[in-house]
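Asks: For reference, the chains in residue letters:
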Amino acid sequence: MRSPDAGSWRLLFGKERRELASSRAWLVSLVVLGPLVGHAFITAVESHADMTGSAGGPAPLAHDVSPLAVVVPTFQAYVVVASLLYPFVAIRLVSSEKQSGALKLLLQAPSSLGTMLAIKLLVLVLGWVLAWLPGLAALALWRSYGGQLAAPETAAVLSEHLLRATLICAIAIAVAALIDNPATAAVITLTMTLGSLALDFIARLRGGVALAIDLYTPEFALRTLERGEVRLSLVVITLILTLGALLLAWVWLSPSRTRRQRIVFTLPMAVGVALLLFGAAQLHQSWDLTGLAGIPPAGERASAYSGYPLPTEARSAAVIFYLLWPLVVLALWWRSRRPRITQTS
Amino acid sequence: MLDVHFLTKRFGDYWALRGASFSIRSGEVLGLVGPNGAGKTTLLECLAGLLPIDGGHVRGDEPLVPCERRDVLFYMPDGILPWPQQTVGWTLRFSAALQGVTEADVEEVEMALGLGPLGPLRVARLSKGHRKRMLIALALLTPQPLILLDEPFDGLDLRAVRDIGPWFRSIAATGRTLLLAIHQLHDAVRVCDRLVCLNDGRVVGEGTVDELRVRAGLPNADLEEVFLALT
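So the sequences go chain by chain: B and V.
All the letters of the first sequence, read from the start, carry residue numbers 1 to 345 under the working numbering.
All the letters of the second sequence, read from the start, carry residue numbers 1 to 231 under the working numbering.
In isolation and in its complexed conformation, chain B is listed as follows (with noise of 0.2 Å):
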């Protein structure tokens, strides 16, 4: 049998890079990041200023507020993004190949289906990371304002943010994989991934049964990490799931497998990983990143938070987010429009 070689995955890579920076849904994304992002921050930094009284009024919870106060609620834009608008990237990065017929033609050659699905997912998640480029832009901005960041617990909900697009990704792709319809994968897709949101919601109301399934949701796990926590049950089921929805895309897409046969495949495959997740629920190490952060206890917070800074400064920064970012992002979609014939990577 032919066997790829390394300028393989360098060929497959060039082309999804490719077919991501055509799509307009990818585009949308990126727009709309900016206006989210920014609205986000605005309203971060004025509630800071309000719970710690930096603007010169009263502090009523200064001793409370997190040293993620303002982290956190930024990169919420990206849950919403991520949820809602993502999904769409991903399934049509699979969609447009089955639909297009290039499946076909990519099936015939000497790479492996799973070499192409792994591939796929790292550009999509590498495309995730370059729309974080106006969250970290707020961070920045935060920074450069005098406003404090704790490096470990923002690295750790960073790194649920990527954990959980990761797998909204896995999960997309593998739906793409096995439904035809990209409008009904789409669907399917968002009633997984705002019932993940409807489901954590439930479980922080009422508890019960939803809260033992919500401990399966990215959605707990980044609520973990908010509070600065590190558990390795959650980012192990996290890794288990984008494992098992890549499984699954593999094999729904292999051909010469008649359905019943994919059944077959899938329904032990279930199993296994519904094990596996039961197995990594049990796993109870953990760390706590708050000690590590270099902040000040919650009893000596309020006098460190003179001085921070103004939602004033913060809002004469809008214009970053709500005209310069769509700004930049059209003009190097537009530039990236124009034909090239003879690059293939």
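Because the hints were derived from the structure by calculation, they are not lab data.
Where a beta carbon is used, it is the ideal one built from N, C-alpha and C, also for glycine.
Any given hint could be a false lead.
[Stated by the list, open to error] Pulled a few chain B residues facing chain V out of the computed Cβ check, cut under 7 Å: (1) Lys15; (2) Ala21; (3) Ser22; (4) Ser100; (5) Ala102; (6) Gln108; (7) Leu113; (8) Arg257; (9) Thr258.
Please arrange chain V on chain B, whose structure you already have, making use of the hints.
Replies: Just chain V now, with coordinates in the frame of chain B:
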């Protein structure tokens, strides 16, 4: 080169292939002809391993499982539009590079099919005939010795058919084998060395035009009459 033995394929209760058997000889242009719904496309997809078969087998020197067949043959479907947002030039070079084919081969095929000037165009903007030329180019920019082409002349104008037909024969003369699923009989006769006539999922005739005439019992008839008699 390849022997196809009693291939069967069923979609629910509908039998698309009912034990199709024929042989493919090295260096020939073999035409697969048959009426609509005869099973031509299904047969090609089964051979390429893109559809699971329900029975029968394909063998070279020994039986070949689907992933082994991909080393021997490449199948180009009809009516696909791969990577519509990319340019023709990029699509050809990407596919060729992925298959391990050189830039010199790409330029040669581009020239033969008149695709050079279309390089900067996006695939989605191509006319039907130009799309077909690009698909033929993608099929030939592969290293496999056997190429399966579904309706290679569909959408091409008369001049293009007259140019590409002899070019196919020159490719076969170099040792590559072409299996063309064609529904236009006069195109099939003009280009192909032998014909496999498929009807209702079964091979009802295989051989040269003269051999098919004998099989149909119409030694002086034209191919259309032979075809109607066999199907």
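Asks: The structure should be examined with respect to each hint, and the outcome stated for every one.
Replies: Results of checking the hints against the structure:
no.	hint	verdict
1	Lys15	holds, 6 Å
2	Ala21	violated, 9 Å
3	Ser22	holds, 4 Å
4	Ser100	holds, 5 Å
5	Ala102	holds, 4 Å
6	Gln108	holds, 5 Å
7	Leu113	violated, 11 Å
8	Arg257	holds, 6 Å
9	Thr258	holds, 5 Å
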